[in-house]
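**Q** Residue strings, one per chain:
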Amino acid sequence: MTEFLQLMVAGLALGFTYALVALGFVVIYKATEVINFAQGGLVMIGAYLIYNFDTTWGIPFAPSVVLAMVATAGIALVFERLILRRMIGSPVFAQVMITIGLLFILQNVVTTIWGAENLNLGDPWGISTVNVGDVVIQVKDLWSVGLAIVLLGLFFAFFRFTPLGLAMRATAIDQEAALAQGMSSKRVYMAAWGIAGASAALAGMSIAAGATSLSPEIQFYALLAFPAIILGGIDSPLGAVVGGLVIGVTQSLTAGYQGDIAPWLGSGFQSVMPFVVMVLVLLIRPYGLFGTPEVKRV
Amino acid sequence: MARRSPYLITDYRDDLRLFGTGWKRLGLALMIVAFVAGPLMLDDFWLSVLGLVAVYAIGGIGLNLLTGFAGQVSLGTAFFIGVGAYSAEWFGGEQGWPLLLWLPACALVGAAFGALVGPIALRLSGQYLAIVTLGLLFVGEHFMVEWRSVTGGTRGTSVTAPLSIGPLDFTKLDLFGSRYTREQGLFWLLWAIVAIVALVAKNITRTRSGRALQAIRDRDVAAEIIGVSLSRYKVSVFAISSGIAAVAGGLYGAAILQYVNPSQFGGIGGLVLSITFIAVIIVGGMGTIAGGILGALVVAALPRVTQRFVDYLPFLKRNPSDSGLVEVGQFNLMLFGLLIIVFLLAEPLGLAALWRRVTTYFKAWPFSY
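Residue numbers (the numbering used here), protein chains in the order written: chain X, 667 to 964; chain H, 1406 to 1774.
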């Protein structure tokens, strides 16, 4: 039982980390209907900026995180303004490919500047843990959980109650109609990319802090967040969190039990499991658990 | 009586003609001359670059059928390339089948896997499909690692499939008393296969099936209403495109890499490879057969060329410890990113569209339209 609880806790912590990454995807998708493949690159650059501010420049941790959020949002904004702005109205495929192009550039800029070695993000939690009964919980994981819940609340309030959030939803549904109602698509896109950049830096912190070290590998978390967003439905913040949790717990339980139950699947099956779950869910619900079905016109 | 203009298409037969005009026939003749004479004029470095280009061109043509013509976005190309490479080793290396048997066998295995994935495309579309095919890379890598008896596990396996047809061994060609190097022989072999694949793809696209695919791309619901069977065409285009990718993979393994491991075709390495092929069709031109070849000329050749001339480019370095700003491998990946972005911004239909614009200009000269 303890083992199960421990695995659940680890899975939930992992899931909230995925959810943090996934929220960045959702906000851009909600505004632009484009899956931003560069989100992993933004996560990566956010984490490295925290490292740079904190360890290299000696700024305390909390202000470093805020600075990195601002800087990553700035990078995302510049990209939106200079490149994606010109692509408005072009096929979705082209816009997605542009973000893949950005991903390649970001990845290699980061490894060129900071190298590919493991670095230690100077976070205040380190490897400290708390015990609840027999279950050991990392302090850093508690922070990830808290951050994800706060961020989800903010997102919900933002989309539900603010004019900009409403404009974003309207633009996602029909760009021209929203424009005709006086909603500036340009402002909407900039806001979406800015928010995505800032939350990417937070996600980067939550991945690289604690016992994990900072390396270019952290962008792979963004790839594993794909099953989470797809599972939840790309345009639903709640779906991102639920999807993240499902994927996190699945992965953790697979890591814990698959060796005993189904050893013939081979070692390391936990990194494949999210994709298997994703395909199964998609075949039953093509727009994920909480996604909006696409209306097809002829 | 005035002579009929060769540009005037009056019936279906004219429309189908591959080399209908004098200029096109001249172009064909030039290509044949280049094919025969190329290996005799170029040195081995450029021939090996062109060999790689040929493999990428084959894969690019396959992907263009799927993405450019049928509009199905797939990030799974690398998986099918891998399937081809391992099939080449299994049929050609382990079982010792000759080239004329193992290459079609690669195509069949690839097509079978493609036909398995195809039905997913019936249920999903657009970006959802892209993500699911991304999943294919990770699941595929897992099986490539675990199925050790065929793939050699993480360490990988050498690909020893024979590259010879009857007495003609393309790795050490001996023709009419003169000996040719491996690069020369492989150039002839690979580009002959490019020509065959291009012809097959052209025949698919210029006939009924090609029009059906384009109808699906433009609006699948409308296509279904006018009588295009979505299930039939989506599954078969996945099968054909994957089969072609597997042919490219078999040749990639046997003629270029000669040693393959799962990290090249699955996971992150696979994603990079898949995106390289998408870069090929974006740069070359989506929805054209020539686009696959033109794109491969740029995308496959560029990294090899920067690698070769790294010493002349002061901002590049070969190893992390050398002086210079960027490592050449990283620079090449950045260049990919830039190529994709620049082409999508400036010429979304790629080099093929650029070529068409130039030829139209001269066709209409001295009028501007």
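Accuracy of the hints is not assured; some may be wrong.
[As the list claims (entries may be wrong)] To give an idea of the interface, some chain H residues facing chain X are shown, with a C-beta separation under 10 Å as derived from the structure:
| # | residue |
| --- | --- |
| 1 | Ile1437 |
| 2 | Val1438 |
| 3 | Val1555 |
| 4 | Gly1557 |
| 5 | Asp1727 |
| 6 | Gly1734 |
| 7 | Gln1735 |
Source of the hints: derived by calculation from the structure; they are not laboratory data.
Since the structure is predicted, the reported quantities are computational estimates derived from the model, not experimental observations.
Think of the CB as a built atom: it goes at the ideal place given N, C-alpha and C, for glycine as much as any other residue.
**Q** State for each hint whether it applies.
**A** Structure-based check of all given hints:
Because the smallest distance between the Cβ of H:Ile1437 and any Cβ of chain X comes to about 35 Å, over 10 Å, the interface hint for this residue is violated. Residue-level restraint check for H:Val1438 is violated (minimum Cβ-Cβ distance to chain X is 36 Å; threshold 10 Å). Annotation: H:Val1555 was flagged as interfacial toward chain X, and the flag is violated, the nearest CB pair being 14 Å apart, outside 10 Å. Among the interface hints, the one on H:Gly1557 is violated; its C-beta lies about 14 Å from the nearest C-beta in chain X, farther than the 10 Å criterion.
With 10 Å as the threshold, the beta carbon of H:Asp1727 stays out of range of chain X, its nearest partner Cβ sitting at about 13 Å, so the hint is violated. About 9 Å separates the beta-carbon of H:Gly1734 from the nearest beta-carbon of chain X, less than 10 Å, and the hint is met. At its closest, the beta carbon of H:Gln1735 sits 4 Å from a beta carbon of chain X; the interface hint therefore holds under the 10 Å criterion.
In the structure shown, a violation is registered for the earlier hints numbered 1, 2, 3, 4 and 5, in ascending order.
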